[in-house]
Amino acid sequence: MDDSNKKNTGVSRRAFIGSSVAAGAASLLTQVPGASANPDTKADGRRPVSKPPSDEKMAREVGDARPSEITEIVSRAASDLMVQVLRNLEIEYVALNPGSSFEGLQESLINFGDPPNRMPEIVSAMHEGSAVDMAHGYARAEGKPMVALIQGTVGLQNASLPIYQAFHGHAPMIVLVGNDEENFLKVHTGEDIAGLVRPYTKWDAQPESLEETLAALVEAYRQAMTPPCAPVLVVLNSDIQKQSYEGVDLPTYKAPVVTGVGEPDANEIAKALLAAVSPRISVGRLRSPAGIEQAVRLAELVGASVKTMATYMPMSFPQRHPLVGPGADKSYDYHLGLEQAGAHLAIHGPHLRDMTGRDPAGIGFGWKEDPNLKRRVKPEKILRYDAEASLPVIIAAVEANLTEEVRKQIRDRTRSIEKANKVERFAATKKTVEKKRAGWNGSPVSLARIYAELWPLIKDLDWCLASPSNFSGRHHVGLWDHDRPHSYLGVYPAAGVGYCLGASVGAALAAKSRDRIVINIQGDGDFNYLPGAVWTAAHHELPILTIMHNNRAWHMEYMYLQYMAGVRGRGTDRAHIGTTFRDPYINYAKLADGYGMKSEGPISDPNLLVAALTRGIESVKSGEPYLIDVLTQPR
Amino acid sequence: MKIIVFWLVSGLAAVMAVSASAQTPAGANAVRGEKLYYAHGCYTCHGYNGIGKHNIANNASPLLADEAAFLIYLRARGDLNPLLPTQRMPHFPEESLSDNAARDILAHIRTFRDQPPPVSESPALNAILEGAALAVDSGN
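If you read the protein sequences in the order shown, they are chains A and B.
Residue numbers are given in our numbering: position 483 of the first sequence equals residue 930, and the series is strictly consecutive.
Residue numbers are given in our numbering: position 83 of the second sequence equals residue 434, and the series is strictly consecutive.
Hints are supplied without guarantee of correctness; some may be wrong.
[Claimed, not checked] To give an idea of the chain A side of the interface with chain B (calculated C-beta under 7 Å), a few residues:
1) Gly-709
2) Asp-712
3) Ala-899
4) Arg-1017
5) Thr-1019
6) Arg-1082
[Claimed, not checked] Estimated spans, in silico, between C-beta atoms of each pair:
7) Glu-446/B - Arg-831/A: 54 to 64 Å
8) Lys-404/B - Ala-874/A: 41 to 51 Å
9) Asp-801/A - Ala-411/B: 23 to 33 Å
10) Leu-485/B - Arg-858/A: 50 to 60 Å
11) Asp-488/B - Glu-852/A: 54 to 64 Å
12) Gly-809/A - Ala-411/B: 49 to 59 Å
13) Glu-747/A - Thr-462/B: 24 to 34 Å
Calculated from the structure, these hints are not laboratory results.
C-beta atoms are modelled at their ideal positions from N, C-alpha and C, and glycine is treated no differently.
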C-alpha cells in the first residue's frame, strides 16, 4: 500500500465532517459541471465520440480474461480520491455487480486506504436490481445513503425498477454508473446514460474531469439528503477513474439547509398547542432519529395525545410511548400534523411529485395518493415546510410561552392521557390476541401465529422488520411494539414486487454494525425475482432471519384472476394457471442451502414453529443468517 | 342498487338457514369436496381449514347451515352477475360448478373445526397480553 496516496488527499474524515458542521446553515453553492437537476439545463458539448472496440476488446468481452492494455503506470490513481470522498461522506457500503466500466474505482475500493474496503465496504450483489434494493432498505433503516455501483446501460436498465421504487419511497441513495466511452462495447455506453432513469431520479451529473467528479459525488450526497430525499445519479467516466492525479483538493461537504416554519408560524402553533384543552399531534415519517426525539420532546412538553404511523413506516413516533393513543379527551380542539394530516394544521415537506422538468418524454409516471394527506379529516391548513426542521423552532416557541400555571395543567393532562392510553392499549391488545388465535393449530401454518410466536423471541432485542407486511396480514401491528425508528420499514413504495429480499439485506447491512437483527417475512412470489441476495446475506454474514411466507402463489393475482373468471361465469378452477407455483413446488430451504445459508423446512406443522424460530434467532444473533421455509395459509 | 341486491340475496339465504340444521347434505361427499375446494381456489380467501380472510370454520355463516341456502347464494350471485358488488366472492353459475359439486364442497366446509387454545395456554399470546398488562400496572 502506498501511504503517500492517503497523505496526498490532504483531508481527514474528521476535518471533512467538521468543516461541514462549521458551515452550519450556509448554503452550498457548489457548481457541478454536467449536473442536471433539469434536463433543460444540461450542458451541451459533452457528447463523447465513441470508437468501435478493438478486436482485443471484443475478445475480452466474450470471455478472454486478458486485462485491457495499460500503457501508463499510475502511482496516484484518481479513483482513490473518489473512494476518499465516499469515505469522508461516511458511506458505509457500495453494493455492486462487477462491471468493466468501473474497474478503476473497484480496484481503489478493495485496495486503497488503511484498512482498505472499509467505509465504504463492497457488497457483492448478484444483480443490479438487488444492489439498488439493498441501498433502498439501508436508506429506510438509517435515513441516509449508501451507494449502488452500476455497469453502463445494461446494468442501469436492470436497476431501473428498484430506482423507480426508491424514488417513490423518498429513499436517499447514490447511484454511480460506470461509462467506458472510448474502449468498450458501444452498446454498454451512452451519451446520456442518466436519461434512462431521469424521470425518477432527483438529480444527476456526468462530470468530465476528476475535479468535477469529486464535486459531483459531494453534491450527489447533498441532493440525496435534501428533502424531498430521493435517489441521485452520477455517471463515472472510466478513463477518469484510471488517470493519475496531481495536486487535487477534495471538495468540502456542506450540509443542506432544510427550511422549517418561521418564527411567526412557530409562535402561532405553540400558542395553539398550549391553549388547547386536548391537543393532539399526528406524526408521519420524519427524516431521522433526531427528528423523532424532537417530536417526542414537543409532545411531552405540551402534553398532547399522539397518533403514530410507526406500524406503517419508519422514522415515526414510538408506538408504545405513553402519550400514543386516543387519550382521555377525544375532542382534540387543536390537532397538529407532522408529515401527516392534522385536523387544524399540517406541516408537510415538499413532495417529489411537485418537482417538474425531469420527465421530458412526458411519460407521466403515476403517483400513489400520498398516504400522509389521504385522511378523512383534511387539515384546515398545510404549511409546505419540512416538519423535522420545524420542530426546534416550535419547541423554542413553546418553551418561551410556558408559564407555571400552564405547566401544571400539562402535568395533570399528561397523567390522564397516559392512564387512558394504558387502558386503551390493554383492551386493544386483549381483543387482538383473541382474534389472532383463529386457525392457531391449523396446517399449513397461520401467518398470525408466525408473527405472534416471533415476538417473545425478539422483544428484548433491537430488531427491524424490513419486509412489507401487507401481503402477510400485517399481524405485527397489534402484537409487536414498534418503538425504534427502524422498527418497521413499510410497504412497497411503488408496489414493485421483488423488492423485499434485497431491501431486507440492505437493512441487515445497516444492522450488522449496530447490534441489531433484521426480520424478513418473505413472500415466495417476491423472493423468486432476485433470489441471489440470499448469497449476499450469507457471504457478508448479515444478521437476517428470513421466514418464507410460502403460499405457493402470487396470491393477490390468483384472487384477482379468480374474480375475473367468476365475473365471466367461466369458473375458477383454472385460475391457478400462471399465478401459482405448483408442479413442482419450490423448496426454499434447499435453495438457501445451495446459496450457503443455514436453513430448514418446509414446515407445515405449527407445533414445530417455535423451535425453528428459536434456532433461527440464535443463529442470527451469532452472526449467521438463517432461512425457515414455512408452508403458510394464503394470507 | 348493487348493495341492495347483495343484501337481498344474503338475507334470503339467511332466512332459509335459520331453521336448517348443519348436517352433511344427502349424497354429498366431503372427500370429493376437499379436492374441489382446492381446485376452485376456495382456500385463497377462506384458508385451507376455513380460517382466512373470511372465516367459515365451525359453520360460522348461516349460508352454510343449509344446502338450499348455500346453492341459492352461489347461484343468485352468478345469475345476478354483474350486478353484485365487486371484489367479493367470485360468481359460480351452474355451468362452472354443478349442484353436486357445490354440495360436495359444502360437505367439506362442514368438516372445518377450529379449536384454538385459550390465550392463557399460548405462551406467545399470553406474553403479548402480559406485556400490555404490565404497562398498565407499572406506569410505563
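These are the hints, each one checked on the structure:
1. Gly-709: 38 Å, violated
2. Asp-712: With Cβ-Cβ at 35 Å, over 7 Å, it is violated.
3. Ala-899: 5 Å, holds
4. Arg-1017: 6 Å, holds
5. Thr-1019: Where the cut-off is 7 Å and the nearest Cβ of chain B is about 5 Å from Thr-1019/A, the hint holds.
6. Arg-1082: 6 Å, holds
7. Glu-446/B - Arg-831/A: 54 to 64 Å: Hint holds: Cβ distance 57 Å, inside 54 to 64 Å.
8. Lys-404/B - Ala-874/A: 41 to 51 Å: 25 Å, violated
9. Asp-801/A - Ala-411/B: 23 to 33 Å: Check failed, 48 Å falls outside 23 to 33 Å.
10. Leu-485/B - Arg-858/A: 50 to 60 Å: Since the Cβ atoms of Leu-485/B and Arg-858/A sit about 24 Å apart, the hinted range of 50 to 60 Å is violated.
11. Asp-488/B - Glu-852/A: 54 to 64 Å: For Glu-852/A against Asp-488/B, whose Cβ atoms are near 32 Å apart, the range 54 to 64 Å is violated.
12. Gly-809/A - Ala-411/B: 49 to 59 Å: 52 Å, holds
13. Glu-747/A - Thr-462/B: 24 to 34 Å: For Thr-462/B against Glu-747/A, whose Cβ atoms are near 55 Å apart, the range 24 to 34 Å is violated.
The earlier numbered hints that this structure contradicts are 1, 2, 8, 9, 10, 11, 13.
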